[in-house]
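For reference, the chains in residue letters:
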Amino acid sequence: MRYAMVIDTKKCVGCSDCVVACQTENKVPIGYARDWVVEVTEGTYPHLQMEIRSERCNQCENAPCVRCCPTGSSHYSTGGIVLVKPRRCIGCGACITSCPYDARFPHPKGHVDKCTFCDHRIKEGNGPACVEVCPTKCMYFGNLDDPGSEVSKLLRQRRYKTLIPEAGTKPHLYFLT
Amino acid sequence: MREEVIISGRMNPMIDPQLNIWHWHIPLYLFLGGLAAGILFFAALYTIQGKEKLYPAAVKRAPFITPFILVIGLLALLLDLNNKPYFWQLYTTLRLESPMSWGAWTLMVVTPISFIWCALNIREIFPSFDWKYGWLKWLETFFIKYKIAMSWVLLIFSVILGIYTGILFSAFNARPLWNTSILGPLFLASGLSTGAAYIMLVSRSHAERIMFSKIDIVLIGIELFLIIHMFMGFLASTQVQIDAASLFLGGPYTAIFWVFVVFLGMILPAILEVLELNKFRVPVLVPGLLVLFGGLMFRFVIAYAGQASRWLY
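First to last, the protein sequences are chains E and A.
Numbered by the numbering used here, the letters in the first sequence go through residues 794 to 970 in order.
Numbered by the numbering used here, the letters in the second sequence go through residues 17 to 329 in order.
If you're looking for bench data, these hints aren't it; they were derived computationally from the structure.
Among the hints, erroneous ones may be present.
Taking lysine-lysine pairs in the DSS-like style, the calculated list, with each CA pair at most 30 angstroms apart, reads [what the hints assert, rightly or not]: (1) A/K100 <-> E/K820; (2) E/K820 <-> E/K804; (3) E/K878 <-> A/K148; (4) A/K163 <-> A/K148; (5) E/K804 <-> E/K916; (6) E/K902 <-> A/K100; (7) E/K902 <-> E/K803; (8) E/K946 <-> E/K963; (9) A/K148 <-> A/K230.
Away from chain E, derived, C-beta distances all over 12 angstroms, residues of chain A [as the list claims (entries may be wrong)]: (10) P101; (11) E113; (12) A120; (13) L184; (14) A187; (15) H222; (16) M248; (17) V256; (18) L328.
Here a beta-carbon is modelled for each residue, glycine too, at the ideal position from N, C-alpha and C.
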């Protein structure tokens, strides 16, 4: 089983509902965020192209943060989700430094924190909070290894990209373009 | 005009717009760790070769500073941790993929040996010193008996310590400036060079100073070679590494790197040392302190510039 998130950049309107839902669901301390929205405008006027992306930890299959963690606090959990064991984390910052997506931050309690794909909700059979609240339904969550899952179908049917594929991290966060 | 506007709603001052997680602690520790590695390497090397009489400062006097600087460095590391009471978790696991993990274990070997090394030489410096307890005297004879074996362990682990101070950075694929394996040998050469400079400073024998001047000149040459090599590698690599190199080639870190690190920390002391070898009178304090200063600046510049380099996306 490999969990993945697929986000349709054509449907995302950048409302940041996912950000607020995550902060509420995961009690993210004020001033921090586990997910965020990026708006990119590219091109030469008048031929401009705009993309809105809801970004978070890419849950890499080859995660640099897991490799460099000196205590084994950052680890792969069920479905390839990268998690932090707060009681093993010394807060050295190696994983924050190693993440090309800058997806991690030091929690005021000392340990490092980041997106967990809402693993506590997945265990109960629900989807991640950001996916469930999305008003345009532009986010999808499921199992990559199940060819019948919605994410697998979308990745077969649509063009997609991952962020910084050249870093070799094999992200599990896909953006439909 | 090509336009690219990125508006990020991340609202995290800790990571946006640029990584800002490691401050003065890490470069200070890397400098002190490299210096200790350099001093202990020469102490172990000349003990193995049986040249204690020829190089008394390298084998006996200089290592007296190493327990202190290692402990200060470790305290700086501890201060840098966000979860300080959990630091012992480093020693409940050994993870070979993480340089920080094997670095912690290397220090676990080197730091106690640096204490033992000083203890074995303390009676030479303070002749009236007495160990008072029988078991301490027994320990002293025990370690003197196995001094050569201990020197071999120290020789190997001081090299690992020196390399690790650079590999710590180069393991981070996410920071293009650090992501080069040259940093390992470069930091080792720099650590050995600062170690040789410190031995020069505390030495009282002219012959020993001359020897360490020569060693230092060679090490500075190696460092300059590796720095040129590093830039050639960056410029022949991908766009992110070309951008990383440009931090030093016209970017915000250009002056501080070329003036303080390369000129004041390497070229000028090397010139002074060559002059001294050619019978000009140069106070040993000047090149010695310049090399130490350059080594410290080098680590600060690499630590901060590395955090300013990133992948584009």
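How the hints compare with the structure:
no.: 1; hint: A/K100 <-> E/K820; result: 23 angstroms, holds
no.: 2; hint: E/K820 <-> E/K804; result: 27 angstroms, holds
no.: 3; hint: E/K878 <-> A/K148; result: 48 angstroms, violated
no.: 4; hint: A/K163 <-> A/K148; result: 22 angstroms, holds
no.: 5; hint: E/K804 <-> E/K916; result: 28 angstroms, holds
no.: 6; hint: E/K902 <-> A/K100; result: 11 angstroms, holds
no.: 7; hint: E/K902 <-> E/K803; result: 38 angstroms, violated
no.: 8; hint: E/K946 <-> E/K963; result: 19 angstroms, holds
no.: 9; hint: A/K148 <-> A/K230; result: 42 angstroms, violated
no.: 10; hint: P101; result: 8 angstroms, violated
no.: 11; hint: E113; result: 5 angstroms, violated
no.: 12; hint: A120; result: 6 angstroms, violated
no.: 13; hint: L184; result: 8 angstroms, violated
no.: 14; hint: A187; result: 6 angstroms, violated
no.: 15; hint: H222; result: 45 angstroms, holds
no.: 16; hint: M248; result: 21 angstroms, holds
no.: 17; hint: V256; result: 9 angstroms, violated
no.: 18; hint: L328; result: 8 angstroms, violated
Of the numbered hints given earlier, the model fails hints 3, 7, 9, 10, 11, 12, 13, 14, 17, 18; all others are met.
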